[in-house]
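There are 2 protein chains.
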Amino acid sequence: MLLSKTGEFGLIKKLKKQCSGNMKDVSVGIGDDAAAVRIKKDTAIVTSDMLIEGVHFDLAFTTFFQLGYKFLAVNLSDIFAMGGKPEYFLVSLGIPGHFKTSYIEELYEGLMKLSKKHAISIVGGDTCRSKSGLVLSGTLIGTAGKIIKRSGAKAGDGIYVTGTLGDSAMGLQLLKKRNRKMNKFSFTSPSSMLTKKHLMPEPKPLKNTSGVTSMLDISDGLLIDLNHICEESNVGAVIYKDKIPVSRELAETAKKAGLDPLRFSLKGGEDYELLFTAPPNYKTAAYKIGEITKKDRLIIDKNGRETRFKAEGYEHFKR
Amino acid sequence: MLLSKTGEFGLIKKLKKQCSGNMKDVSVGIGDDAAAVRIKKDTAIVTSDMLIEGVHFDLAFTTFFQLGYKFLAVNLSDIFAMGGKPEYFLVSLGIPGHFKTSYIEELYEGLMKLSKKHAISIVGGDTCRSKSGLVLSGTLIGTAGKIIKRSGAKAGDGIYVTGTLGDSAMGLQLLKKRNRKMNKFSFTSPSSMLTKKHLMPEPKPLKNTSGVTSMLDISDGLLIDLNHICEESNVGAVIYKDKIPVSRELAETAKKAGLDPLRFSLKGGEDYELLFTAPPNYKTAAYKIGEITKKDRLIIDKNGRETRFKAEGYEHFKR
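Residue numbers (this note's numbering), protein chains in the order written: chain A, 1 to 319; chain B, 1 to 319.
Chain A with its partners taken away, still in its complex shape:
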């Protein structure tokens, strides 16, 4: 059925049904002017993320299910990056008028899949027509005991990342290559680990945050995001090329293509792994990739050669 037949209020009714789930602390959910939710701590953590067709995603590369999943994932990652626990999600959609209602239902299926893993309630949002592409804008509300900012890193701290870097950026390359000739909406996704990391990232919280001095999620690329910590904490950083975790899949794919995998690991965005700093003797399963310094920002290779680094990665508007 076309959205023009379902209508805005018909769609809202359908989505309300689809979003039934964990509503224990929700006194008003989808369908009123605003939602009313219980906040169990006196501080709420709130993040908003927007995904725009043609900028953040291409409907030739992703299914609606995957897109819904990723849409919540990118918001979730920001809550985890503050040391928070996610609770409530609001979904605003700008939808092209020619869409089928089932596209949006499929998007919500992906969204619900990830929300159930983390017991997140979908409590509201906005649904309207878009004259151009699909626009997703989400707000995720959570709570936190200890809030971890970008600004607490100290000289001498170790620098850690929670997983391999560059997989998502290489996954995107693969998708672009494979799908160049495919039709919009006829897309079935390839299932390699690299493309999966791009299409359905899986943010995870840091289990033990005591002692952690600063944290953020790697969304724009390691160098640009590490630079945010340096700027906000007024420190420098040294990272070691051979300590940066690179997956076997990325290493092999880059080798075949004659490319340096580190190009993807250092500057590729959307890994949604956590980057954090903590005292050097900190016990963690995460990878230690360097140390916070007083001022210098350096990359050191296995032969000890030093290179200054700049904030290179993804930045909107910059060409």
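For the record, the hints were derived by calculation from the structure and aren't laboratory data.
Errors might be hidden in some of the hints.
Each pair may be met inside one copy or between any two copies, as identical chains are not told apart.
[Said to hold, decoys possible] In silico SDA-like links for lysine to any residue, alpha-carbon gap of 25 Å or less:
#	residue 1	residue 2
1	Lys100	Val55
2	Lys243	Tyr103
3	Lys100	Leu51
4	Lys24	Asn303
5	Lys100	Ala311
6	Lys288	Pro96
7	Lys24	Ala254
8	Lys16	Ser27
9	Lys131	Ala60
10	Lys85	His228
11	Lys241	Ala257
12	Lys310	Glu106
13	Lys146	Asn303
14	Lys24	Thr143
15	Lys116	Thr43
16	Lys302	Ser192
17	Lys13	Lys294
18	Lys310	Gly7
19	Lys131	Gly97
20	Lys117	Glu291
21	Lys85	Ser27
22	Lys294	Thr213
23	Lys85	Asp25
24	Lys256	Gly29
25	Lys13	Gly258
26	Lys295	Tyr240
27	Lys310	Ala251
On a predicted model such as this, the values are computed, not experimentally measured, just so you know.
Given chain A, work out where chain B should sit, using these hints.
Showing chain B alone in chain A's frame:
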């Protein structure tokens, strides 16, 4: 300066400075992964609203200042419609790459103007490039003592509105007519009350909500919004044509054009006045326009003629 020169992070820095203001209960504001804010009651009221260029606004009719003002106003109206007090606002923007940085600064000036009136803190959001038009998506968080839903109306309750209806819809007609030949971005707004109501709506809270049984804000039109109350409360409604408040400006403008002003008052959207129900003897400065019934939905004219009404007004996707 063009946004392509300022860059995403340069813009965020500028906006962060512009948004300094009431930050008493904000422990983390703009510039981290998420905001951290104090919630003084155990229930938070949350609403999201999206404005899309070409659907909700036309840059030939509005200045960026007015647009920023209205963007917060439409969110504010939803918080007031729940009986809430607004506290924190998150702003997500999808911005065409060719925009000047000053356009966004002007938009934030309008936003700040209204936020200061209500002591709302701007605490975060997202800023990204849009491939097509300008997209604004906001989330406003508030608190409430007593939450007023759409679902509490009872047969016998009076139906009330807080101000004149139809002004905004007529204002839009005037803008469309006057500006047909004007260039984008060269627009200076006409200052009549009707166009002002459309461009810079001024939502106000209901001062005394004790006894109020249901409430919403009139955004899509009186009939369609009253119908929401009927559906959610499982009741009917009778309204009297000659009780509906029509401004002198609307009456005069409609007369000149040979149109029925009630067409605008009944079906025109975006008035952002409150529509509420309360016991018939309820003391209020608001206009009483009818009564809640068990089932029938009727409009009665001054001669006593009854007409059934349908949910007519603005609905996205419907043609």
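Which hints from the list above does the structure break, by number from lowest to highest? As far as the earlier hints go, 2, 4, 6, 7, 12, 13, 16, 20, 24, 25 are violated by this structure, in ascending order.
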